[in-house]
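K.L.:
Below are the chains, spelled out letter by letter.
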Amino acid sequence: MSSSDTALLNLPVLLIGVLLLAAAVTYVLRRIEWLTMPLAALVSGGLGLWLWNLDLTVPSSRFLFVGPLVAINAPLLRLGFTLQLQPSAVPILVISLLLAAGAFLLAQVVSQGHSFAPLLFVLLAGYVALALMTAGPLAPPLLGPLLLIAVSCMGVFILQAGRLTHPTGPLRTLIPPMLAFPLFIVAAWYIEQIPLNPQDMAAQQMAGRLLAVGLILLLAPVPLHSAQPATAQSAPPIAAALVTLLYQLALLHLYFRVINLYPFVEQVTMLDQWLIWAGLATAVWGGLAAAGALHPGRLWGYSALHDWGLIILILATPGAHNWPLVLFLFGLRTISMLTTAVGLSVLLDHAGGFSTEKWRGAGNRLPWNSAAFLLGGLGLVGFPLSAGFTGHWAAIQMIAETDWRQAALVLLTSGGAIFGYIRLARLLFGPLTNRYLPREQSISTGFAIVVLLLSASLAVAPQLLNVPINRAMAAFTG
Amino acid sequence: MEALLAWFLLKLSFFASGLGLLTTGAIAVSIILFWNWRQAIAGVILVQIGVAVLIVYVHGVAQDWAAVQIFVMALCLLILALSAQQVHPTLRMGWSGAWLLRCITVLLLLASWQVFHLRLTLPLISPQIVQLFLWLGLCTLVVLSLSDTPFFTGIALLLWCIPVQAVIQILMPATMLFVLIDILQIVVALACSYLILTAYAPLLEEQPVVTDLTFPSGEVVMPTWVDNDVNGIPRMLNNGQNHKALPPERTTEYPFAIGGSQ
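Protein chains in written order, with our numbering: chain G, 1 to 478; chain B, 1 to 262.
Calculated directly from the structure, the hints in this document are not laboratory data.
Going by beta-carbon spacing under 7 Å, a handful of chain G positions derived as facing chain B:
id	residue
1	P137
2	I149
3	H166
4	W189
Derived list of chain G stretches under chain B, where covered just means 3 residues or more per stretch with a C-beta under 8 Å from a C-beta of chain B:
id	stretch
5	155 to 163
6	173 to 186
Chain G is faced by these chain B residues, among others (derived, beta-carbon under 7 Å):
id	residue
7	D148
8	P150
9	L157
10	L171
11	T175
12	L184
13	V187
14	A191
15	L195
16	T198
17	A201
Virtual Cβ for every residue (Gly too), placed ideally from N, Cα, C.
Chain B with its partners taken away, still in its complex shape:
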């Protein structure tokens, strides 16, 4: 098993090079640019692998630590992905704006990085790696600020944990704190996964027969988002002609007779 792990990390040793650092940073920023749930999951696991390999090769951290981190991150992402998979027809409603807006955000981030000379000093860690961690932290903050959806908040919080785990392992390897933080990562992923389901669960309710009494109430116009236009904005196909009854639980107007939804 150890030999397999060593072989796996050796094959990925590219991430411990200068180009590998840039690649990891680029993958992180691609999460913002593409803003797609599948790409985000792939991006976070790649960043985790990249950082784990980097820490193993540059700082001599135990390979077991890297394996645990990659495994836990994969588990967390699997939890998020399972929820996202269940609700993916509606998940795309949680847009962060057009891709142009996200490009401008990234450009602003790069510009401020250069203009304000954003630097961070962390003990025992080489400056190049600290710069990567700072970049990952900034990407986290951008994702948090662009989105209010449980999925991307979960992605941002997991992304935040990657450099944090690495720093803690370098600074305090004896405390075994990473185990505690790994457990918390899983708990956070579970909480976000639950919120994804509650926020986007498609409600398949039988349409009531419209009568004179029921016709005016509980009917709202729900546009159907089917595709993206050139700016990445979901395009409304039917111009709002598609009528669906919105159950009261879907609205903030509903009080708290929670009954069977638990």
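Next up, chain G with everything else stripped away, as it sits in the complex:
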């Protein structure tokens, strides 16, 4: 009897089951955050590390190295959908799970809401299902936007976190996938028609146009960008960073799958040109708006938007060599956003709000977290000696090879965002007005130092990301 015959569980059932079980347990224990957050980080991180080390050439493996046998390649067939682990899905799963583990640990410092852990586990289960889907009523990349709606709806609850504030940011996250999904489904009908009359290019052209427009809607460039800064303004910072990063990672993977499965999308449309304009508008508007943003949350949101615009611009670069750079930028973006989120959450917690008066001089009492916020934010706009610098520099060089004016424009507008951070630094390290502002505690100082060290090490040695990016490239190679 082979080991696969004795395996009791198949991998998709196990992954989704464990995540949903963890959601149920953490929901019951949601008020004991000092206990649930480390446990949640352990579960999520353990799953991520196990998948990272999984040998896909053997049919079965022990769950978390010591548990029962798991059939790795066994499919899960339910309701016309097939979920199965493919080698290309592993990097996406690992990154998502490790990101969540990091967020759980960071949420230990400042609460992101009692329901953060259970809801995040449900969200992770959704993203795992999306990554594992190999067959369905339509081709999986065409069903992707539908699942993105579901995870966006779950994200709404995490972002709002039960607070009685105006929900502009969470609400706007629903709109791009809702507007985009019909285009993918109608495109599926045209794709079905292509083999019936291969000489007729009309069906291919129509499908290509619909998919191209759908992808651009999902990427949410300017003017569809408003969810990102609004979320950064109002949502708990770590939750906002995580939900945004998970969504954008899934989106980049979906983009790759669509382009890889339907190469005619790039051939029959002007997708590259559309992406250039969309990315340029996003990067420019992000930089300009950041220059004028007085609200620290919005400043962070617009910086992230500027960075996202750069990623869209690199997506437009023809050829396969852009994906390593996209992943490199995304990796640096992840580090920078989480660094900013750590600093921002502690600053907010201590200052008790976003008003200028409350923030004036806060850097004197909270120097490490202020530094984390500023350095992370500057990393998002590619400031020298920040984590994002190398990625931005490489991206700007690549753009300049095609058109130097676009590169100059991106560089200039990143200067606008840097101006915003300099203004905020002057405020933070100016004279202290609130004498009762508490000093930062040792645990939050510790986390701030860790993320600062991580950012600084990536700034001086970006090659540290080589191994993860090489592994992640498995998801982005045809």
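For chain G, the structure is supplied; the task is to place chain B on it using the hints.
P.N.:
For chain B alone, coordinates are given in the frame of chain G:
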């Protein structure tokens, strides 16, 4: 049950006529013009019924499909209505501007429809019906652009789903995709319903006794909107004399000690 359904759809067969198409389009635009939450709920269910009847009679789609669509839409609207009902004293704060502005928007929409000859080509669907779907899509975009409130965003997204469901059922009836989209509609309605509650939940807090220490802090002037003026703009009755303490959770200034609000 099937006979009852057939009788119901037969009674509403008016929607499958030319006048019925115009009526459905007019109901959709009335959501923009009136901008009232009760009227919006009634309008969306009527549009759903109209489109379902139209698709059944013109494209021969199964009656069961129409029944499921109407039922799911009614359920989604019920979810939204329950939240709206709980917060309706404050819901009207989310205005989209004066009725004159909305009229101008609709006129602009009509003008651009004529001037730019907005046309959409969808396979297997008759051009008249495609025009109706295009109109519903444009109405959705106008509602989304006029409002940033969870209620009307929810209404717009549900309105968007009506033509989409019809198109998918005509193009790909075998895939049973409509079930998946129905589930997502309900999830979207739940998310919007939750956001309605968080955005507008009236907070009934005991007023603190004003002392020398507490007097200057946490006090803001909240106007009381009681009625609409001739332009449809809420009229402020007391000229801002009504003082209410605004709890910190209501402001974006509040950080994220979320505690008991979950």
